Structure formats: C-alpha cells, structure tokens
Amino acid sequence: MMRSVTRSMTPYIQFKQVSKSFGSVRVVEHLDFDIAHGEFVSLLGPSGSGKTTILMMLAGFEAPSSGTIHVAERRIDQLPPHKRDMGVVFQNFALFPHRSVAENVAFPLQMRGMDRGKIAPKVARALEMVKLGHLGERRPAQLSGGQQQRVALARALVFEPEVVLMDEPLGALDKQLREHMQLELRDLHRTLGLTVIFVTHDQSEALTMSDRVAVFNNGRVEQIGTPQQIYDAPQTRFVAEFVGETNLIEAQIDTVDQGGARVQAGGLAFLVDEAGGRGPGEAINLSLRPERIRLGDDASVGNALPAQIADWVYQGDHVRVHLQAGELMLVAKLDRRSREWPVGSAVIASFEPDDCRVVPA
Amino acid sequence: MTRVVARARLSALALIAPLALFLAVFFVWPLVTMLTTAVTDGVVRTAFPSAAEAAADWNREMPVPAALAQALVADLRGVEDQAAFGDAVRRLNSAVPGYRSLLSRTLSSARSVAPDAPVDLEAIDPRWGEAQYWTAFADAVPRFTDRNLLAAVDLSRNAAGEVVSGAGEASANRVIMVRTFGIAAGVTALCAAIGLPYAMLAATATGWLRMALLLAVLLPLWTSLLVRTAAWFILLQNEGLINWTLMGLWITDSPIALIFNRTGVVIAMTHVLLPFMVLPIYSVIVGIPKNLMQAAGSLGAPPLRAFFHVLLPLSLPGLLSGSLLVFMVALGYYITPALLGGANDQMISSVIAFYAMGTANWGMAAALGIFLLTATMALYAVYSRLSDTPQMTGR
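Taken in sequence, the protein lines are chains L and R.
Basically this note's numbering = 1-based index in the first sequence + 898.
Basically this note's numbering = 1-based index in the second sequence + 4.
Derived from the structure by calculation, the hints contain no laboratory data.
Only a predicted model underlies this, so the values are computations on that prediction, with no experimental measurement involved.
Beta carbons: idealized from backbone N, C-alpha and C, even for Gly.
Treat the hints with caution; some may be incorrect.
Claimed, not checked - Chain L residues, not near chain R, derived (Cβ > 12 Å throughout): (1) R924; (2) L993; (3) V1199; (4) H1216; (5) I1246; (6) D1252.
Claimed, not checked - Here are some, though not all, of the chain R residues that point toward chain L, as calculated from beta-carbon distances under 10 Å: (7) L230; (8) S302; (9) V314.
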C-alpha cells in the first residue's frame, strides 16, 4: 500500500491547474494532480463530481478549458485521442458490434499498420490473458456482460499502452462478477506494471483496488491519499460521509491537553485524540466509524457511554445496531457472533479516543 | 379452463376482425382482381356465346365448319348489349387489325337479310376465308390467357402457338421497363450519395441545428407531391431560377436544358425521395452508441479511418433499407416524369396509366402491374436475405 508514496517522487502524469466548463457550468476546477508511473489511481466521487470529465480530458475526448496535462513531461492536452496511446475501457464496453471478438481485439493493431501475420498471435495472447481464447469468433452480442468486459480489457491492453483509463468499467456487472473482476484487474495491473486511472462511484471498489484514491466533489479534489488515509483519516466531512459509513458527531471542546481533548456532545462527555487545533469552547465535527463501537456491560473502559438499543438489524455477515446515547443517535456494526441485546435494553457503548477523527466542518 | 381460453381467443379474433376485413376488401381483393384481370379473357365469350362454344370444338383447319360460321352469324344478329359487343370487337381488333371493319360490315349485311336466311360469310367479305381471323377468334375464346403477360414483355404467340418476340411499334415495353429500372437506380444512387452524409450530419448535430436539418428533410415530405413537382417545374425552366443563377454567375452563356429531359426527372425525383433515404439512415446512426467512435479513436484510429471501419459499416443497414425504399417508390413514379420528363423519360407507370385510362385495356395494365409487383417483391426478398446476416446493435 505504501508503494505509491515512494513512487510519486517522479510524476508521470501531471494535471496542472486544469479547469473544464461546459457553457456556464464548471465541471472541474483548478485541478493539480500528479500520478506516478505504475500507480493504480481511483477517481472516486458521486455522479456529476467531474471524475469522468477528468478521464475524458486525459483520453483526449474533451479539451481542458484552461490548464495543461503532461505525460512523461510531454504536453498532451492538444493531441487528438488516436495519438495518445492510452487504452480506454468504457462503462458500456464500446465493443464494435459488427466485428468478432478477435477482430475487436485486432483493431488497435490494425490501426497501427501491423502485419496480419504479427496481429494473430498478439490477439491470441491478449484473449488468452483474459481467459477468452476460445471465443474469438463470436460476436460481442453473443457474450455475457463479464465476457464483453474482458474483451474490452483485452482490446485496451493488446497494443501495450503505458496508461490504461477505465470509466466505471465494472458498473454494468452484477455484484459477484464485479468483485471477481476487481481482483483480476488488480492482478493484471501488478503483472503488467501498468499505470491505471480508474473512475468509479463505488467506494469499496476504489478502496479494494487502488494504490491511491482521489475523492472528488463538485469538480474539486476533496482528498487524495492511500485507501487507509481516505478511510481512516478523512480530511473533509464529504469524504468521511461518502467513503464508508460514519457517525458524524457535533461536539464542543471542554479541555485540551497534549494527550488530546475532552469534548461534550449530546449531553455526554468523552475523550478524543486530537482537537484539530481548536481550543476550549469551540465546536468540532467528529467522525466515528460504526465498526469501532463496541457494546458491553463494563463501564470502566476508555470512552464508555451509557446507551439504549433502538434497533437491532441482522444483515448476514454483520449486525447493525442503532443506539440512543444521550441525545446522540449512533450506528454500530457488530460481529454477527456478538452477544444479542433485546431492543430497549441498556448497554455501554465504548470506543478508543483515537477512533474519533476530527473533520473540518 | 379451455372455455375461458377459447373465449379469450374469440375476443382476440373479434378485435382484429376490422383490420382483417379492411385488408381483405381494400388490399387482397383488388390485388386478386388485378391478377386475374391480367390472365382472364372473357369479352369474346360473353358477346359471342354460341360461336365461342363452336370455336372451342374447331380443329383449326380451313375451311371452318359451317356450324361455327352460322353460330357467329346468329350471335351477330342477336347483339343487344352494345358495350359488351364493343369490348369484344376491341379485343379482336387488337389481335388482328382490321377486325373491326370486318365485323361491322358482316353485322350490317347479316341484319339486312331475313333473320333465318343462311348467310355466306365469304360472300360478304373475302377475309372470312383467311385463317388468321378465325384463329384470332378461337384464341380469344378460352377463359384464361397468357397474352397480356407475354405482351407486357413484348412477346406474343404466333399462329402455331409458339412464343415469339413481338414486332414493330408494340415492342416498347421492354425499353420502358429497362428505362424505369435505370432511372430508379440512378435516383437511388443519388439519394444515397446525398442522404448518407446528410443523415450522419443530422445525427451528430445537436440542439437547433439537428432540428433544422431534420425539418429540412421532413417539410417536403409533408407537402403534396404535385406541389413539389410543380415547384421544380418552375425552377428548372430555361428562364427559371437555376438557369438564371448559372448565367448570372457566368457559368454558362445559354440556358442548360434542365426540363423535359432525364436531368429534370432525376433531380426532382431525388429531391422528393430523399427523406426516404435520410430517415432510415438517421434512425440507425442515432442508435449507434456515441462512444464507439471515441473507442476507435482511443485505439489509434484517426477520424477518417474510424469512419470507414466503424461508423460506415454500422450505418449500412440503414443505407440498405433506405435504398430499397427509394428504389421501390421510384419504380412506380408517374407524375414527376409526366410533368418534367420528355417523351423518352416516361416510366412504366405511365404505360400502365395509358392502358388503364387511355385504351381501357385492363388486361395489359394489370399484366404490367404484375411485373412491377414481381420486381418489387424480388427486391424485397434480396433485401431480407441481406439484412438477415448477424448485424446486432451494440450494448
């Protein structure tokens, strides 16, 4: 996971002050973003956050309204798409319906003027790589969604591009297939040493696959970091809420010392690790992940808040518990093997001071 | 359970009954009538009932049996329905020119003597001694005939019943048929050449431009064919807007002949039929996912190569159905060539109209119609075979 930190010393793809407007609508605002060679970077955000536009600008389908884009120190934002040598995988796969699977994969090689004799083995190898060697003669419409996805992948990789762009490539697949493909993509990325820019609105997908995640909202970068940084140390309220589920607690600082701070929220007092640079009397927002909350009878551990079980929802692999603690409504995720409390019973909800993260308002 | 099903089926049938009835009355019945008119030949049988019976037994050797000759005289004396008689005379005269005068002379002579007195036909007119008049009469007797169908392609049967090429002035049908197909093919090619880029432009344009482009195609479609043809009539004249502009720009010194020749016909037909080409292509192109061209670009295809490898092959189904539509409609064109063409630009429809309205020869009109119908259906068969090849739209 930490590879990217050492790699990002030499930026390979660079966005410099890139903005994009459609008419009067600003879609991307002053983006500065460096990506290292061989990195797997996810652009994560809700629809309309500008992430796809960034990808389209990198692929050459859109031109930045201002700013420049560089790859290997060469400016590329004025090159037409066919001169950029980037593999693009589209959400709907964009396979050519009038060509067979093998002809689809052969297309980029054909366009590069390669001999027929050389194309065939390369196509065969690319199809083999995505485990579709036996389906070369089929038409795309005769394949399942997952198979079409693999063809699109083989077609984007067969000409050995340095950079592969993926626009929600797994969005059209069902859950099981999607998770399977996530792992396959990650393997391909590792074995081929590709630089991958991956657009998604699915936060778990972004966390699973990426070296780094860039979270976008309203055309702005909210946070760029490793999946751990994004999940465990969200820097904005948007990131805290968008990536994973969280309890957002509006608290007031009581006292501050080196070890942390004592805060009050909803009529309860507890300790946190940091005060976000604020002083006593000031308000802060805290993020507390549901899986960090434990339930028990013991009131002597760490932060122990007396609470009442408001709801108990069995969800297969885990249990979701709604708690009323003072005036706070908290959600906790518990292991399914945990003890069961009937709704309405009193429990002690506890968490460590460093489980609470300060997020800017 | 089965009763419920049966009732549901019955009510379903009742719902489609009006449509079925409409199709039967206004489509199937006229078609069948037309087809039968082309091959039936009943006028002589109706006007000369007893002679027709006698002629059926005749072994076609001269001299004719007295019974046949007397039956003819008897029928001539008994003529009451002048219209039916006139039809029969016209039919016989078209087989052997001069039959009309022969019959009218015979009729007046036969009526001038006593009703029961025997009549010597050869004495009235020596032509009754010639075999061709009797053969023509006997040929006109059977209920079904292929002479209209043969005549439609300039063939006929000689005295021995063999199919031979028709001779002389009556052999224009083949020429006109070839000309009809030629004009239709030319118009189709022109429509394709203009319609394909136009449809692509309209499909890629957005907003008001797309609206304007589509409206420009649809507006003529909503105007009467006659109005459009008349408009071209004015534009294409020697003193018309087009020649005036060409001369004004010093492109030509004297007016170019644009009207009453093939050029005018093809220009006007192309304009009138263009929507039938543009709309099918447009609907196909609009259905092609936009990012296929983006994908082609990202895979290294410059715009022109992407066009030839992706967009063009995917638009072919639209081009094919548009071409078929234009060609089929063009085959039947009548008003435009009639108004804008010269004598040598008339298409098969005007020949059909000539037979149907000019000479009331319904048999010939129907036979030519059958050939037009056959050609159209053959084309459609080819089209459905071509469009059967797996040509799926992308996801």
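Going back to the hint list, which numbers does this structure go against? 2 and 7
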